[in-house]
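Respectively, the protein sequence lines represent chains A and B. When the letters of the first sequence are read in order and numbered with this note's numbering, they come out as residues 1 to 334. When the letters of the second sequence are read in order and numbered with this note's numbering, they come out as residues 1 to 288.
If you are wondering where the hints come from, they were derived from the structure by calculation, not from laboratory data. Accuracy of the hints is not assured; some may be wrong.
Partner residues are not named here, just some residues of chain B that face chain A (Cβ under 10 Å, in silico) [stated by the list, open to error]:
#: 1; residue: 16
#: 2; residue: 17
#: 3; residue: 20
#: 4; residue: 129
#: 5; residue: 176
#: 6; residue: 179
#: 7; residue: 183
#: 8; residue: 184
#: 9; residue: 189
#: 10; residue: 192
#: 11; residue: 198
#: 12; residue: 202
#: 13; residue: 203
#: 14; residue: 206
#: 15; residue: 213
#: 16; residue: 252
To list a few chain B residues with every Cβ distance to chain A over 10 Å, as calculated [as the list claims (entries may be wrong)]:
#: 17; residue: 13
#: 18; residue: 29
#: 19; residue: 53
#: 20; residue: 60
#: 21; residue: 93
#: 22; residue: 191
#: 23; residue: 209
#: 24; residue: 231
#: 25; residue: 251
#: 26; residue: 277
Pulled from the structure, derived: some chain A residues nowhere near chain B, Cβ distances all over 12 Å [said to hold, decoys possible]:
#: 27; residue: 80
#: 28; residue: 146
#: 29; residue: 152
#: 30; residue: 295
All of these numbers come straight from a predicted model, not from anything done at the bench. The beta carbon of each residue, even a glycine, is placed where N, CA and C say it ideally should be.
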Amino acid sequence: MGQIHLKQVTKRFGEVEVISPLDLEIEDGEFVVFVGPSGCGKSTLLRLIAGLEDVSGGHIMIDGQDATEVPPAKRGLAMVFQSYALYPHMSVRKNIAFPLRMAGLDQAEQNRRVEDAAKVLNLTDYLDRRPGQLSGGQRQRVAIGRAIVREPAAFLFDEPLSNLDAALRVGMRLEISELHKRLSTTMIYVTHDQVEAMTMADKIVVLQAGVIEQVGSPLELYRKPRNTFVAGFIGSPTMNLLEGAEAAKHGAATIGIRPEHITISTEVGDWEGTVGVSEHLGSDTFFHINCPAFEKPLTVRASGELSLKYGAKVMLTPDLQHLHRFDAQGLRIE
Amino acid sequence: MATQHSQSAARIMMAPAVILLLGWMLVPLTMTLYFSFKKYLPLRGGDLGWVGFENYTRFVSSSSFWPAVATTLIIVGGVLVITIFLGVLLALLLDQPMWGQGVVRILVIAPFFVMPTVSGLVWKNMFMDPTNGFLAYMWRAFGAEPVQWLSQASMPSLIMIVSWQWLPFATLILLTAIQSLDSEQIEAAEMDGASWFSRFRFIILPHLSRAITVVLLIQTIFLLSIFAEIFVTTAGSFGTKTLTYLIFQRVLESQNVGLGSAGGVYAIILANIVAAFLIRIVGKNLDA
């Protein structure tokens, strides 16, 4: 079981309110990702759930029990830290066995569980090494192993992939997703990388300045961002947010259109522009188009076959079906 | 090429310092060895010729030799135990966030800046004096008979004085080591269900092992040769005569340079035995 409910949870450091009162329901077995720019309070929120920080107000319910005052070790949660926080003077085996040893399990049971975790994580050959002798990805797996052996109600991940290189990050992303499918334990994952959030989450929680901007499945957030912040944050490359006369034409203060919902043509279209930088990814090409009608250049996705010279004149047509409209407060207009 | 040039340039630049240091070490060492094989009594006939190993046998067969070795080891051991134990404790305390942290830390370091002679005299006259000392007042305030520290409890007193001097050093080194501990490790241990004591035993103490080794080695080097504290307090009486002090007495009080030099060579050997033991026991901590 791993059902976590936050009720009016608040966190203040002195006078500064880093988490405004917020409610959040995390159901058993869900993979929830907290995402937001740095300093938005997502790590603090995770630490509040873990019990490493005390809440300034509100309640944290774990499996229906009020866990607000329960010390971290007794909450039945396991955490994987950004720095992995492995114990450098212990072998991998001892690192993984540490929580079991603290719980006072007998040696045979400890060994059995460590071996099992090592098998799951492909660490069997490294059990007698020290963390210092392992690569980044292996250390990451040891940290996960240390979390798994406790058989926790939920796993908490604090930006676990940010210290890995890009290729390894993609691999570990898959491994963690697969682990979630296999264990079907609740996982709460903090990241500033919206790609990680989109690819892994069942439910994304977008945070900004200690306030939840939107909660929903990745595609919900992608298709129906509740406000301009979520619209600009989710999706890569980011959504084009346009203001001024063109927005007013659609009865909104801001309109948003994703790069893939703009058609590019050399002859006909609604908006005129010149080609700026183009980014070729092979399968796709992203063009940055400077339009005199808008302040910022528009990003447009086109097929990889299309090639346009720098400075070429083009015409753009937005797909009005996928146009997002936002009012003066930045909220979505249906 | 550039590296080769800069390497040889570096060697030439460093040479004066290295030669100076080497000379500074070699000249006294050679002189000690030279005199240790001579009968040399400055006020009673001067250089009386070579005597072979006679000085060496006389120095060891003296009734004060083994007690002096024992005293030396007890002082070194006692001070090491006290400074490391209290040093870890103080470092843990000073690591806690508190008001006036900067001032407190400077106060803790202060004893290290007091010269050994001065601290010896301050302790002797202001604290341990049986009639006017602060400790005597304390004892009397509770209606007890004041302890005659330096005569009745000479060794504990001396160990106390020297520990007071060296505690700041141990605390400082251990404090910086504690501060370098990744706080996420402590948090991880907390999540893993480790109690405060387990966190100390399994995370903090192993992290400190290297710093403790450094404190142990450096303090041993300096403590084997403490002199001023003994000179100004007990002058070697009441069983506080260390090997260093015995050598001093042989050379300056008995005016026997040859005998003292032989003692000096024994002191070098003792220091090396202690160092070899220490490095064997704790040296592996410095590897990783």
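Cross-check of the supplied hints:
1. A hinted interface residue such as residue 16(B) counts as satisfied when its beta carbon comes closer than 10 Å to some beta carbon of chain A; here the least separation is about 40 Å, so the hint is violated.
2. For residue 17(B), the interface hint is violated, since its Cβ never comes within 10 Å of a Cβ in chain A; the closest pair sits about 35 Å apart.
3. Here the hint on residue 20(B) is broken, as its CB sits about 39 Å from the closest CB of chain A, past 10 Å.
4. Interface restraint check for residue 129(B): the shortest CB-CB distance to chain A comes to about 48 Å, outside 10 Å, so the restraint is violated.
5. Interface hint status for residue 176(B): violated, as the beta-carbon distance to the closest one in chain A is roughly 17 Å, over 10 Å.
6. At about 16 Å, the closest approach between the beta carbon of residue 179(B) and any beta carbon in chain A exceeds 10 Å, and the interface hint on this residue is violated.
7. A least Cβ separation of about 9 Å between residue 183(B) and chain A falls short of the 10 Å threshold, and the interface hint therefore holds.
8. Because the closest C-beta pair between residue 184(B) and chain A is about 4 Å apart, less than 10 Å, the hint holds.
9. The criterion of a C-beta within 10 Å of any C-beta in chain A is met by residue 189(B), whose closest approach is roughly 7 Å, and the hint holds.
10. Annotation: interface hint on residue 192(B) holds; nearest CB of chain A at approximately 4 Å, less than 10 Å.
11. Proximity of residue 198(B) to chain A holds as hinted, the smallest CB-CB distance being about 6 Å (cut-off 10 Å).
12. Evaluation of the residue 202(B) hint against chain A yields a held restraint, the C-beta minimum of about 7 Å falling below 10 Å.
13. At about 6 Å, the closest approach between the beta carbon of residue 203(B) and any beta carbon in chain A falls short of 10 Å, and the interface hint on this residue holds.
14. For residue 206(B), the interface hint holds, the least distance from its beta-carbon to any beta-carbon of chain A being 4 Å, beneath 10 Å.
15. Against a cut-off of 10 Å between C-beta atoms, the interface hint on residue 213(B) is violated, since the closest Cβ of chain A lies about 13 Å away.
16. Contact between residue 252(B) and chain A, as hinted, is not supported at the beta carbon level, the nearest pair being about 49 Å apart and thus beyond 10 Å.
17. Chain A leaves residue 13(B) outside its interface by the beta-carbon criterion, the shortest separation being 35 Å against a cut-off of 10 Å.
18. The Cβ of residue 29(B) lies farther than 10 Å from every Cβ of chain A, with a closest approach of about 39 Å, so its non-interface assignment holds.
19. Every CB of chain A lies more than 10 Å from the CB of residue 53(B), the least distance being 48 Å, so the non-interface label holds.
20. Distance check on residue 60(B): its Cβ is at least 43 Å (rounded) from any Cβ of chain A, clearing the 10 Å threshold; non-interface status holds.
21. The Cβ of residue 93(B) sits about 22 Å from the closest Cβ of chain A, beyond the 10 Å cut-off, so the non-interface label holds.
22. Non-interface call for residue 191(B) relative to chain A: violated, since the shortest CB-CB distance, roughly 5 Å, does not exceed 10 Å.
23. Not every CB of chain A is more than 10 Å from the CB of residue 209(B) (nearest about 8 Å), against its label as outside the interface.
24. Against chain A, the non-interface label of residue 231(B) holds: every CB pair exceeds 10 Å, the least being about 43 Å.
25. Residue-level check passed: residue 251(B) sits 47 Å from the nearest beta carbon of chain A, beyond 10 Å.
26. Every Cβ of chain A is farther than 10 Å from the Cβ of residue 277(B); the closest lies at roughly 23 Å, confirming the non-interface assignment.
27. At roughly 9 Å, the least C-beta separation between residue 80(A) and chain B is not larger than 12 Å, which violates its mark as non-interface.
28. Its closest Cβ contact with chain B, about 7 Å, brings residue 146(A) to no more than 12 Å, contrary to its assignment away from the interface.
29. Annotated as non-interface, residue 152(A) brings its C-beta within 12 Å of a C-beta of chain B; the closest such distance is 9 Å.
30. Against chain B, the non-interface label of residue 295(A) holds: every CB pair exceeds 12 Å, the least being about 43 Å.
Of the numbered hints given earlier, the model fails hints 1, 2, 3, 4, 5, 6, 15, 16, 22, 23, 27, 28, 29; all others are met.
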